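Whole structure, please, built from the sequences with the hints as guidance.
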Amino acid sequence: MLTRYGSLLFATGFAFLLFSLFIALPMGEPPTLAGQAILNEAANSVGAANIVTSVVLAYRGIDTLGELSILFAAATAVGLVLGGQARAPRPSKEDGAGGFILQTGVDLLFPLLLVVGFYIILHGHLTPGGGFQGGVVLAAALVLPVLARPEESPSPAALAWVEGLAGAAFIATGLAALAYDHAFLTPLLGAGQLGDLFSAGTLPLLYLAVGLKVGAELAKLLLRLAEEGPAA
Amino acid sequence: MTALDLVILALVALLITGALAAMLLRNLLGAAVATALVSLGVSVFFVILRAPDVALTEAAVGAGLSGLLLALAARRLGLWRIEVQQSEEERQC
Amino acid sequence: MSEFGLVALLVGALGLIAIGIAGLVLARNLFRLVLALAVAEAGANLLLVLAGFRQGASAPIIEGGSTLHQVAMVDPIPQAMVLTAIVIGVGVQALALALAVRAREAYGSLDMDQLRARMEADIIAAAGTAPTTSQEAPSGARPLPPPLPSPARIAAEEPSS
Amino acid sequence: MTLAELLQLVALTLFAAAILLGLLRLVRGPATPDRLVAADTLTVIATALLAALAPRLGSALYLDVALVYGVLAFVGVVALARIIETGGVR
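Protein chains in written order, with the numbering used here: chain A, 926 to 1157; chain B, 61 to 153; chain C, 480 to 640; chain D, -2 to 87.
None of these hints come from the bench; they were simulated from the model. This one's a predicted model, so the numbers in the text were calculated from it and none came from an experiment. Treat the hints with care, since some could be wrong.
[As the list claims (entries may be wrong)] A short list of chain D residues far from chain B (calculated; beta carbon distances all over 10 Å): (1) Thr(-1); (2) Ala1; (3) Pro52; (4) Val74.
[As the list claims (entries may be wrong)] Anything over 10 Å on all C-beta distances counts as not near chain A; from chain B, calculated: (5) Ala73; (6) Asn87; (7) Leu116.
[Claimed, not checked] Derived list of chain A stretches under chain C, where covered just means 3 residues or more per stretch with a C-beta under 8 Å from a C-beta of chain C: (8) 931 to 945; (9) 979 to 991; (10) 1030 to 1037.
No residue lacks a Cβ here, since even glycine has one placed at the ideal position from N, Cα and C.
This is how it looks when you write it as structure tokens:
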């Protein structure tokens, strides 16, 4: 009973909060000072046509490193929470295989997903997209065949290697800027011609590392969740 | 009132109905489907608000990854036995 | 987009947050709690991007390879923030689902009340006290657990470390 | 009003109607497979809507969103349908 009244009180207070938010929200006003400065500045100094990418990787690069760490911690914690038990016996070939339509469709879709994923990653500085989105597509590409044929799953050790090397490459690219007397994670190699594939310095390399790391990490997490638990 | 406003109204209806369905449906697998629909509507809104980067992220995460996560978790939780689950829920509610 | 469409969008975003928070407070099933969190998060992200929107502006991506004839663009900073928020949100969701799976394996239920009752029974059994009859009031004569060694006594018994 | 504008108007109105009809099946569908089919229909409608919005918003960049959405929505729906079909991978 007490919880009911408490929830009611909470809902009232929350409605008041939302109402004050409704009143105070700046609707349709020009961007913030920092936003306007970045819009004026970014294309010339960073050289990425996608300004959100230059905010994420150049102006807030360390935040992106922290984001990667959070994702890594979440994946590790999922492994720890679910881990420990002995794996159930591997399902036989007839047992869990999907139907003919699913298997054929997955075979056709797998290379398409890989191409889309790498396109999204490598064009992160030109078109919408980038490492995180492309990484999610790659993870989906790696997990989809497991749905159709449970007996063929990618090896977790290889995924862990890819993840570790990609994370190390991200930090090494950041440290390379220190060697040229810049701040950590400053884009090197010059801005280049705006709109070219090889422009914006090291931003495409950073996004490639992010994409591989996120893809391997999420694929590992999903495969861990797809294992047969003892109680299920 | 332009045609774009009509689409926006229909999508707001989709958002609110999907959120209510996610909270109220007895079957938890149906609720997971409704959550994927909410993220669909939000993704189209991001495109209308001129934020293609965010729309791409929401589409990838909300439609693909979240659906996979919820489906795999539902399997391990035993929620896929639909009939059993429904009778269990009816006892609990 | 007209003013009417913007108001409808704002109503949608606020409605999502309200429904999600209400679900977070009132839900009794752990799985539904995760879904409510996802709904509230989607509403908050929509509200943030809405705050950076400007009428008649284009997406913050330069097309055509030149900065000369630049048109007005929407604010890129909220978009970058929301990008981060979505990715972190999916990490949180995965962790919450893993914890729900573990709770189900350990206690055999997803219902919050049953989980709480079984956890309390476990804690009481581990502490060695008699079960309480009510959550609010302690039962009358309960055997107290053996007194813990106080820090002062430990310090007196071990004069020098 | 040119022909292109008229076509856009008609198309967007039809999209709104299609979304509402799909929503009806989501709300009324008696069983979970019905709701899943409604969700799949709505993802197809949304993909087409994203592609139709691209000329209206005046940029080809938005087509990438439709591409990724169309490819990945299939993955999510297949995963959920697989759970309903056999109780999962195993």
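Distal placement of Asn87 of chain B relative to chain A, Cβ over 10 Å: holds (18 Å)
Status of the stated non-contact between Ala73 of chain B and chain A (beta carbon gap over 10 Å): The claim holds: Ala73 of chain B sits with its nearest Cβ about 20 Å from chain A, beyond 10 Å.
Cβ separation check - Val74 of chain D to all of chain B, threshold 10 Å: violated (7 Å)
Claimed coverage, the segment 931 to 945 of chain A by chain C - three or more beta carbons nearer than 8 Å: holds (count 6)
Closest CB of chain B to the CB of Ala1 of chain D still more than 10 Å away: For Ala1 of chain D, whose nearest Cβ neighbour in chain B is about 13 Å away, the distance exceeds 10 Å, so it holds.
Given coverage of the segment 979 to 991 of chain A by chain C, checked by CB-CB distance under 8 Å (3 or more): holds (count 5)
Nearest-CB test (10 Å) between chain A and Leu116 of chain B: Nearest chain A Cβ is 5 Å from Leu116 of chain B, so the label is violated.
Per-stretch coverage check for the segment 1030 to 1037 of chain A, three Cβ contacts closer than 8 Å to chain C: violated (count 0)
Distal placement of Thr(-1) of chain D relative to chain B, Cβ over 10 Å: Thr(-1) of chain D is indeed farther than 10 Å from all Cβ atoms of chain B, at 14 Å.
Chain B versus Pro52 of chain D - minimum CB to CB distance exceeding 10 Å, so not interface: holds (12 Å)
The structure shown violates the earlier hints numbered 4, 7, 10.
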